[in-house]
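**Q** Sequence:
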Amino acid sequence: MRALHAQAVEQVPSRTLYALRVRRENAAKTPARPLHRAAGWWLAAACAAVFALAIGLRQPGLEPAPAGESVPTLAAATEAVEAATYDEGFAALDEDPDLFLWLAAQDSQILAME
Numbered sequence: 001m002r003a004l005h006a007q008a009v010e011q012v013p014s015r016t017l018y019a020l021r022v023r024r025e026n027a028a029k030t031p032a033r034p035l036h037r038a039a040g041w042w043l044a045a046a047c048a049a050v051f052a053l054a055i056g057l058r059q060p061g062l063e064p065a066p067a068g069e070s071v072p073t074l075a076a077a078t079e080a081v082e083a084a085t086y087d088e089g090f091a092a093l094d095e096d097p098d099l100f101l102w103l104a105a106q107d108s109q110i111l112a113m114e
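Residues in the sequence shown are numbered consecutively from 1, following our numbering.
Hints were generated in silico from the structure; no laboratory data involved. The beta carbon of each residue, even a glycine, is placed where N, CA and C say it ideally should be. Each hint should be verified, as a subset may be incorrect.
[Claimed, not checked] Pair by pair, the computed Cβ-Cβ distance ranges are: (1) R23 to A49: 40 to 46 Å; (2) E10 to P31: 31 to 37 Å; (3) L4 to T30: 30 to 36 Å.
Let the hints inform the model, and build the full structure from the sequences given.
**A** Printed below as a string of structure tokens:
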């Protein structure tokens, strides 16, 4: 391998070798990349996070309720939404004839593997 490498280096023109040597020396003299560019990305990400938080907090559903009005608890509201979504999902499957055609077309062994 070393002999092949030496043979390949001999075939490279001297002008190209000189240009490569100059570039290598210049690269050694050049200081490392400054870190201020990385700080800019962190600053941009932090600003985006602050703006996203500000927009999220300004949503109309997060305002406090006026005094004197009864507000349903979060657990009760979540339970009602989940129950409605759960029932609607099964109703959609019961009414979909394509589901039953797909099930009939599938091989029982492949279906068991899924």
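**Q** If you check each hint against the structure, which ones fail?
**A** none
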